[in-house]
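> Use the sequences and the hints to build the structure in full.
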Amino acid sequence: MGNRSIVPYGPQHPVLPEPIHLDLVLEDEKVLAAIPSIGFIHRGLESLTGKKDFNEMVYVAERICGICSFMHGMSYCMALEDIMNVEVPRRADYLRTIWAEMSRLHSHLLWLGLLADGFGFESLFMHSWRLREKILDMFEASTGGRVIFSVNTIGGVLKDMPNDMLKDFVRQLDDMEKEIRETTSIFLDDYTVKSRLVDVGIITGEDAIRRGAVGPMMRASGINVDMRKNGYAAYNDIDFEVITSNKCDSYARCEVRIGELFQSIDIIRQCVAKIPDTEINTKVTGMPNGESFIRVEQPRGEAFYHVRANGTKFLDRFRVRTPTFANIPALTQTLQGCQYGDVPLLVLTIDPCISCTER
Amino acid sequence: MGQILPFTKQVLKNLFSEPATTQYPFVQREYPERTRGHVDINKDQCILCGMCMRSCPPGAIKVDRAAKTWTINRFDCIQCGYCTEKCPKKCLSITPGYQEPGPEKFNYSVEVPYEPPKPAAKPAAATAPAGGTKPEA
Numbered sequence: 034m035g036n037r038s039i040v041p042y043g044p045q046h047p048v049l050p051e052p053i054h055l056d057l058v059l060e061d062e063k064v065l066a067a068i069p070s071i072g073f074i075h076r077g078l079e080s081l082t083g084k085k086d087f088n089e090m091v092y093v094a095e096r097i098c099g100i101c102s103f104m105h106g107m108s109y110c111m112a113l114e115d116i117m118n119v120e121v122p123r124r125a126d127y128l129r130t131i132w133a134e135m136s137r138l139h140s141h142l143l144w145l146g147l148l149a150d151g152f153g154f155e156s157l158f159m160h161s162w163r164l165r166e167k168i169l170d171m172f173e174a175s176t177g178g179r180v181i182f183s184v185n186t187i188g189g190v191l192k193d194m195p196n197d198m199l200k201d202f203v204r205q206l207d208d209m210e211k212e213i214r215e216t217t218s219i220f221l222d223d224y225t226v227k228s229r230l231v232d233v234g235i236i237t238g239e240d241a242i243r244r245g246a247v248g249p250m251m252r253a254s255g256i257n258v259d260m261r262k263n264g265y266a267a268y269n270d271i272d273f274e275v276i277t278s279n280k281c282d283s284y285a286r287c288e289v290r291i292g293e294l295f296q297s298i299d300i301i302r303q304c305v306a307k308i309p310d311t312e313i314n315t316k317v318t319g320m321p322n323g324e325s326f327i328r329v330e331q332p333r334g335e336a337f338y339h340v341r342a343n344g345t346k347f348l349d350r351f352r353v354r355t356p357t358f359a360n361i362p363a364l365t366q367t368l369q370g371c372q373y374g375d376v377p378l379l380v381l382t383i384d385p386c387i388s389c390t391e392r
Numbered sequence: 010m011g012q013i014l015p016f017t018k019q020v021l022k023n024l025f026s027e028p029a030t031t032q033y034p035f036v037q038r039e040y041p042e043r044t045r046g047h048v049d050i051n052k053d054q055c056i057l058c059g060m061c062m063r064s065c066p067p068g069a070i071k072v073d074r075a076a077k078t079w080t081i082n083r084f085d086c087i088q089c090g091y092c093t094e095k096c097p098k099k100c101l102s103i104t105p106g107y108q109e110p111g112p113e114k115f116n117y118s119v120e121v122p123y124e125p126p127k128p129a130a131k132p133a134a135a136t137a138p139a140g141g142t143k144p145e146a
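Chains as they are written, first to last, in the working numbering: chain A, 34 to 392; chain B, 10 to 146.
Keep in mind the hints are simulated off the structure, nothing from the lab.
It is possible that part of the hints are untrue.
Straight-line Cα separation of at most 25 Å, BS3-like style, residue types lysine-lysine; simulated pairs [claimed, not checked]:
1) B:Lys-114 x A:Lys-192
2) B:Lys-18 x A:Lys-227
3) A:Lys-307 x A:Lys-200
4) B:Lys-98 x A:Lys-85
5) A:Lys-192 x A:Lys-307
6) A:Lys-346 x B:Lys-71
7) B:Lys-127 x A:Lys-84
8) A:Lys-346 x B:Lys-18
9) B:Lys-52 x A:Lys-84
10) B:Lys-95 x B:Lys-18
11) A:Lys-211 x B:Lys-18
12) B:Lys-52 x B:Lys-18
13) A:Lys-262 x A:Lys-307
14) B:Lys-71 x B:Lys-95
15) A:Lys-192 x A:Lys-211
16) A:Lys-227 x A:Lys-84
17) A:Lys-346 x B:Lys-95
18) B:Lys-18 x A:Lys-316
Away from chain A, derived, C-beta distances all over 12 Å, residues of chain B [to be verified]:
19) Phe-25
20) Ile-50
21) Pro-66
22) Gly-68
23) Arg-74
24) Cys-100
25) Pro-125
26) Lys-127
Pulled a few chain B residues facing chain A out of the computed Cβ check, cut under 8 Å [unchecked claim]:
27) Ala-29
28) Thr-31
29) Tyr-33
30) Pro-41
31) Arg-43
32) Ile-87
33) Gly-90
34) Tyr-91
35) Lys-98
36) Ile-103
Just so you know, these numbers come straight off a predicted model, no measurement behind them.
Note that CB positions come from ideal geometry on N, CA and C, so glycine has one too.
Shown next as structure tokens:
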């Protein structure tokens with residue numbers, strides 16, 4: 034029996050870009066339990082529905098998260114389109130899919146950089162972020178924003194990407210694919226990286242289901258679950274296989290996300306090849322009245338939207354469950370029994386987005 | 010494993026390639042034309058209707074019909090572009106060029122030369138105001 038102690042981890046910690054607090058119960062260097070507490074940056078999203086009308090809420094929803102901002106805007110718009118029975122033009126669906134997959138690319142590259150930084154591989158961090166920068170430039174050229182795009186509207190999208198621009202993006206992504214392959218091969222093959230990731234933070238498939246994990250966390254435990262297979266936006270026209278791994282450890286989570294990088298590039302390619310020439314938005318009139326549940330696959334996993342409207346311009350309820358929130362129970366499971374030095378890494382492997390979590 | 014100095018290729022590539030960053034103050038960045046930098050107004054077309062003020066999510070725009078001014082607090086503006094969507098005359102636009110940081114938030118105000126049409130009771134007798142500005146209904 035070693036010495037037991039409780040070490041507070043966070044809310045301010047060099048490896049955490051955002052505040053989350055964990056109480057780590059340690060026995061010597063071994064973590065026995067982790068007790069999370071959240072709520073440091075709660076922003077009261079739902080109370081804003083009483084002040085901003087449902088059109089303005091698009092811009093609020095986008096600001097739930099800085100990384101999956103596009104997908105938050107998209108899911109909110111999808112929820113209201115569902116309530117108002119609006120048929121979105123097909124081109125808008127395709128454009129949304131392209132932007133969503135580009136968001137996934139930039140989110141996963143960001144995460145790879147943070148992971149490399151987490152285990153102290155500075156140059157790999159720089160290289161991942163250098164690649165990400167090109168995606169941000171594409172966003173700026175197509176939407177005007179690098180982080181917050183504001184292109185979603187209820188009934189479609191506000192900006193069109195001309196076909197020349199789309200072809201140019203595909204060409205750039207083709208070039209990037211080689212570079213991404215080169216950089217990610219270090220994550221997958223280098224023994225220094227492997228020594229930090231392999232067999233660290235194991236969570237089995239049953240545990241992942243029991244703890245309600247979502248996204249890459251779930252897929253890295255061998256569970257085939259991906260909301261994109263539900264066929265929202267243009268995903269029902271796209272041919273892709275859900276990437277899973279049976280290794281259940283941190284390396285598997287890294288592997289799944291790297292696989293998704295190439296998958297996203299492939300999805301964008303398919304979208305550009307198939308995109309129809311139609312309008313990009315439909316005019317929406319009237320006030321929403323009804324209720325809708327939307328599930329989308331964000332880079333970090335499944336996000337769940339519940340919107341209830343009462344026929345006025347202000348919404349009744351607006352609830353969002355973000356993927357990080359769903360992954361925190363799984364995180365506490367992975368932390369049980371790990372070494373204290375692996376805690377930062379394990380916190381990173383769920384791809385935490387605390388601002389998302391607290392809304 | 011089994012590789013000798015696996016980083017050599019990358020190191021050589023980095024040595025002989027251009028830096029990924031730019032020397033910022035000396036080399037200015039070129040923004041794409043769609044960049045949402047700041048909201049611009051074409052004051053000749055503005056009719057002071059106030060739609061932008063009512064739609065602005067952070068409440069950064071103030072339209073004063075009496076003083077004939079269109080005012081924006083660029084530090085509050087989130088460049089969402091909702092005002093440009095709502096503007097009935099399409100006189101608002103988002104153009105490249107970000108607001109520079111400053112020691113305090115200040116307002117940017119524009120005098121709008123709009124002459125509201127006189128509420129003339131008899132349309133047959135109504136004449137266009139002889140002012141220099143063009144009236145817009």
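> Against this structure, judge whether each hint is valid.
How the hints compare with the structure:
{"no.": "1", "hint": "B:Lys-114 x A:Lys-192", "result": "violated (31 Å)"}
{"no.": "2", "hint": "B:Lys-18 x A:Lys-227", "result": "holds (20 Å)"}
{"no.": "3", "hint": "A:Lys-307 x A:Lys-200", "result": "holds (12 Å)"}
{"no.": "4", "hint": "B:Lys-98 x A:Lys-85", "result": "holds (24 Å)"}
{"no.": "5", "hint": "A:Lys-192 x A:Lys-307", "result": "holds (18 Å)"}
{"no.": "6", "hint": "A:Lys-346 x B:Lys-71", "result": "holds (22 Å)"}
{"no.": "7", "hint": "B:Lys-127 x A:Lys-84", "result": "violated (35 Å)"}
{"no.": "8", "hint": "A:Lys-346 x B:Lys-18", "result": "violated (60 Å)"}
{"no.": "9", "hint": "B:Lys-52 x A:Lys-84", "result": "violated (30 Å)"}
{"no.": "10", "hint": "B:Lys-95 x B:Lys-18", "result": "violated (54 Å)"}
{"no.": "11", "hint": "A:Lys-211 x B:Lys-18", "result": "holds (15 Å)"}
{"no.": "12", "hint": "B:Lys-52 x B:Lys-18", "result": "violated (58 Å)"}
{"no.": "13", "hint": "A:Lys-262 x A:Lys-307", "result": "holds (18 Å)"}
{"no.": "14", "hint": "B:Lys-71 x B:Lys-95", "result": "holds (15 Å)"}
{"no.": "15", "hint": "A:Lys-192 x A:Lys-211", "result": "violated (30 Å)"}
{"no.": "16", "hint": "A:Lys-227 x A:Lys-84", "result": "violated (50 Å)"}
{"no.": "17", "hint": "A:Lys-346 x B:Lys-95", "result": "holds (16 Å)"}
{"no.": "18", "hint": "B:Lys-18 x A:Lys-316", "result": "violated (55 Å)"}
{"no.": "19", "hint": "Phe-25", "result": "holds (16 Å)"}
{"no.": "20", "hint": "Ile-50", "result": "holds (18 Å)"}
{"no.": "21", "hint": "Pro-66", "result": "violated (4 Å)"}
{"no.": "22", "hint": "Gly-68", "result": "violated (10 Å)"}
{"no.": "23", "hint": "Arg-74", "result": "holds (22 Å)"}
{"no.": "24", "hint": "Cys-100", "result": "holds (18 Å)"}
{"no.": "25", "hint": "Pro-125", "result": "holds (27 Å)"}
{"no.": "26", "hint": "Lys-127", "result": "holds (33 Å)"}
{"no.": "27", "hint": "Ala-29", "result": "holds (5 Å)"}
{"no.": "28", "hint": "Thr-31", "result": "violated (11 Å)"}
{"no.": "29", "hint": "Tyr-33", "result": "violated (14 Å)"}
{"no.": "30", "hint": "Pro-41", "result": "holds (4 Å)"}
{"no.": "31", "hint": "Arg-43", "result": "holds (4 Å)"}
{"no.": "32", "hint": "Ile-87", "result": "holds (7 Å)"}
{"no.": "33", "hint": "Gly-90", "result": "holds (5 Å)"}
{"no.": "34", "hint": "Tyr-91", "result": "holds (6 Å)"}
{"no.": "35", "hint": "Lys-98", "result": "violated (18 Å)"}
{"no.": "36", "hint": "Ile-103", "result": "holds (7 Å)"}
In this structure, the earlier hints numbered 1, 7, 8, 9, 10, 12, 15, 16, 18, 21, 22, 28, 29 and 35 are contradicted, and the remaining ones agree with it.
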